[in-house]
Every structure is written in C-alpha cells, then in structure tokens.
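Asker: Spelled out, the chains give:
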Amino acid sequence: MMIEIPSHVLQWSDWLDLFLHQLLFSLMSVGGVVSTLPEMHRYLVDQQHWLSDAQFNASIAVAQAAPGPNILFVALIGWNIGMNAGGLSIALLGVLISMVGILLPSSTLAYLMARWGHRNRELRSIRAFKQGMSPIVVALLISTGWILASAQGEFARAWPLWLATAVTALILWRWKVHLLWLLAAGAILGGLGWI
Amino acid sequence: MEQLPPSQPRSLADLFFTFTVLALQGFGGVMAVVERELVEKKRWMSKEEFIEEWAVAQVMPGPNVVNLSLMIGGRYFGLPGAIAASAGLLLCPLVLVLLLGYGYARYGSHPTVINVLRGMGAVAAGLIIATGLKLASALKRNALGIPVATVLGLACFIGIALLRWPLMYVMFGLGAIGCFVAYRRLKP
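Here the protein sequences line up with chains A and B, keeping their order. So for the first sequence, numbering that gives the first Met the number 0 puts the first residue at 0; every next one is plus one. So for the second sequence, numbering that gives the first Met the number 0 puts the first residue at 0; every next one is plus one.
To be clear, the hints were calculated from the coordinates, so they are not data collected in a lab. Some hints could be false.
As the list claims (entries may be wrong) - No more than 30 angstroms apart at the CA atoms, straight line, and that leaves these computed lysine-lysine pairs for DSSO-like:
#1 B/186 / A/175
#2 B/139 / A/175
#3 A/175 / B/46
#4 A/175 / B/41
#5 B/40 / B/186
#6 A/175 / B/133
#7 B/186 / B/46
#8 B/133 / B/46
Hey, can you work out the whole structure from these sequences and the hints?
Answerer: Below, the structure written as structure tokens:
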C-alpha cells in the first residue's frame with residue numbers, strides 16, 4: 000500500500016505557496032469545495048508532488064466516512080503533506096495552514112454577505128433571490144444523495160446498496176428515527192457482507 | 000403539525016456544543032443532521048428559513064455547512080456567534096478525522112472495513128435524499144407557486160443528478176429564472 004510516498008523538505012516559501020493556493024481554492028469553491036478537487040489534485044499531486052495519488056484519494060474517502068463536514072479532507076491533505084515533509088509537528092503545521100487557507104476567504108465573504116442580506120431582508124430583490132433559489136437548493140440536496148448512491152455502482156450489481164439507500168430515505172422521510180440507528184444498521188449489514 | 004414555539008440558542012457555549020453534537024452525528028455530510036437538529040429538534044428556525052439561509056450558503060464560495068453555521072451563529076450573537084458555531088462544527092471532527100486518517104492508512108484496505116464503510120455510505124445517501132424530500136414540503140408556500148417550483152426542482156435534479164452537467168451552469172441558470180419569476184410575483 001504505502002509505496003512511493005513523496006518525501007520533501009518544505010521551505011517557508013513552499014508553505015506560503017500552499018497557503019496562497021488554499022486561499023485561491025477557497026474563493027473558487029462555489030457550490031462546495033468538491034468543485035475545486037480537480038484543480039487541487041493538479042496542483043498538489045501532479046505539479047508539486049507533495050503527496051501521492053493514493054494519499055489524496057484516501058484523504059477524501061476518510062473525510063467522507065468520518066463524522067463532520069467533508070471539508071475536513073483538506074485537513075487530512077495538509078496532514079499528509081506535513082507527514083511526508085518530516086513528521087508530527089510539521090503535519091500539524093500543514094493542517095493549520097491548509098484549513099485556515101481554505102476557510103478564511105469564503106467564511107469572511109459568507110459572514111459579510113449574510114449580515115448584509117439579513118439587514119436588507121425586506122428588500123424585494125433579496126426576498127426574490129431566496130424564494131427563487133429555494134426549489135433549486137432542495138433539488139440539489141436530493142441530487143447529492145442520488146449521486147452518492149450511484150457511486151455505489153450499477154443497479155444490477157449493487158442493488159442491495161440501492162435498496163438500503165431507498166429504505167433509509169423512506170424511513171427517515173416518514174418517521175422520526177435517530178440517524179445513528181440507521182447508520183449503525185448500515186454499518187452492520189455492510190460488515191456482514193449482506194449489502 | 001409542528002406548531003411548537005420557535006426557540007433560539009441561549010449562549011455561545013450552547014451554539015458551540017449544539018454544532019459539535021450535530022457534526023459528530025454527520026457521517027457522509029452534515030446537512031441532513033443540521034436540518035434534523037436545528038429545525039425539527041431545537042426549532043431555532045422553520046423549514047422555510049432553513050432553505051432560505053441555505054440558498055445563500057450555497058451560492059457563496061466555501062463549504063455550505065460551514066457557511067450555514069457562520070450565518071446562524073452570526074444571526075444570534077454576531078461575530079463571536081459565527082466563530083462559536085463554526086468552531087463547534089469543525090474542532091472535534093477535525094481531531095477525529097486525523098485519528099481516523101491514521102487508522103485508515105493502517106487498516107483501510109481490510110475487507111471488513113471497506114464493507115462497513117460501503118454500508119454506511121448507502122445509508123448516508125438515503126439520509127440526504129430524505130432531508131431533501133422533507134424540505135420539499137416547505138416549497139408549497141413558496142412565492143413561485145407549486146407548478147413553477149416543481150418544474151425548476153425537477154429540471155435541476157435532471158441536470159445535476161442524471162445528466163451530470165456542471166453545477167455552476169445549472170445552479171445559476173435555473174436560479175436566474177427562479178429569481179426572476181419570484182421577483183415578478185412578489186409585491187413591491
């Protein structure tokens with residue numbers, strides 16, 4: 000598994016370069032940071048060789064499987080870059096630089112925008128924006144679930160997984176069940192090899 | 000249904016811990032849990048308010064859930080509230096994900112681990128779909144009216160989920176139509 004891990008000594012100029020790129024990715028990440036993945040991969044893996052393809056993909060997989068926002072894959076990427084460059088304390092530096100870089104610009108913008116929007120919430124244009132975007136936002140959520148489900152594979156082969164997705168959606172839509180019970184059920188059924 | 004009085008966060012600590020608790024339940028994405036905790040359990044906002052806030056969070060750059068936490072925290076307690084909510088959302092999960100990343104490097108290729116993750120992934124997809132279906136009921140009161148809202152929603156689903164068109168085009172293309180129609184129908 001762990002073949003071909005890149006090893007570099009990162010200079011301060013490299014860390015600055017990483018930070019500046021994360022700031023840029025942050026501003027590009029309309030619709031979620033997932034939309035910047037191809038560019039991030041090109042820069043970190045292909046151009047700088049700071050982490051391997053496998054490490055990049057594992058960072059995304061772990062962040063998706065773990066509780067918490069998926070944006071934490073950026074923390075894992077920073078962690079891997081740091082570990083490749085020397086060890087624990089450098090890895091923590093990598094986490095810090097990556098996370099502050101990816102969050103600072105977008106968060107500042109979102110906060111200012113939200114305050115402005117809230118102050119002017121009675122304006123016809125603001126109300127029209129929120130009302131007009133609402134069906135699209137809801138459809139995007141359902142689409143996200145659909146895309147995650149279809150990543151499971153062809154229906155003919157992976158139908159038990161599709162069934163699990165459909166049953167979960169139905170249960171949660173109609174009844175009040177704690178989310179963690181459903182996740183635990185999925186974990187058990189998966190672990191037993193039934194789905 | 001759902002006529003219990005609205006509520007709001009009591010303090011910065013309340014914000015921080017509420018978001019920590021919901022983040023730690025959010026496997027495969029936090030949005031389903033945010034709706035569950037903040038709208039259904041804590042009643043800090045209605046379904047309609049949730050969708051509206053989220054429309055803003057979605058079109059801004061950055062992770063949607065982080066944006067949403069900043070906006071909700073900021074609404075009640077200004078900048079400190081925004082920081083408390085987003086820190087709650089990120090801090091504990093950050094530590095956890097680093098530990099799991101370490102474990103994954105060692106055990107990630109174990110077949111049982113892969114199977115368990117696959118099972119949880121199937122459920123997580125269902126959670127997100129269910130959240131969307133629940134929120135769809137709030138569109139009945141949308142200024143667009145049910146027919147227009149339905150057509151826009153279906154078009155968005157077809158474009159994104161089935162045809163896999165780029166998000167930016169679909170979101171801003173259909174969004175422009177939605178905003179235009181809503182503007183016409185709202186009284187000045």
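Asker: Hint by hint, note whether the structure agrees.
Answerer: For each hint, the structure was consulted:
Between residue 186 of chain B and residue 175 of chain A the CA atoms are separated by roughly 38 angstroms; this puts the pair beyond 30 angstroms, and the hint is violated. Taking the CA atoms of residue 139 of chain B and residue 175 of chain A, the gap is about 22 angstroms. The hint holds against a cut of 30 angstroms. Among the hinted pairs, residue 175 of chain A with residue 46 of chain B is consistent with the structure: their alpha-carbon atoms are about 16 angstroms apart, no more than 30 angstroms. For the proposed pair residue 175 of chain A and residue 41 of chain B, the alpha carbon gap of about 14 angstroms is at most 30 angstroms, so the pair holds.
Between the alpha carbons of residue 40 of chain B and residue 186 of chain B the distance comes to roughly 33 angstroms, so the proposed pair goes past 30 angstroms and is violated. Distance check on the hinted pair: residue 175 of chain A and residue 133 of chain B sit about 12 angstroms apart at the alpha-carbon level, within 30 angstroms; holds. Taking the CA atoms of residue 186 of chain B and residue 46 of chain B, the gap is about 22 angstroms. The hint holds against a cut of 30 angstroms. A threshold of 30 angstroms between alpha carbons decides the hint, and for residue 133 of chain B with residue 46 of chain B the separation of about 9 angstroms falls inside it, so the pair holds.
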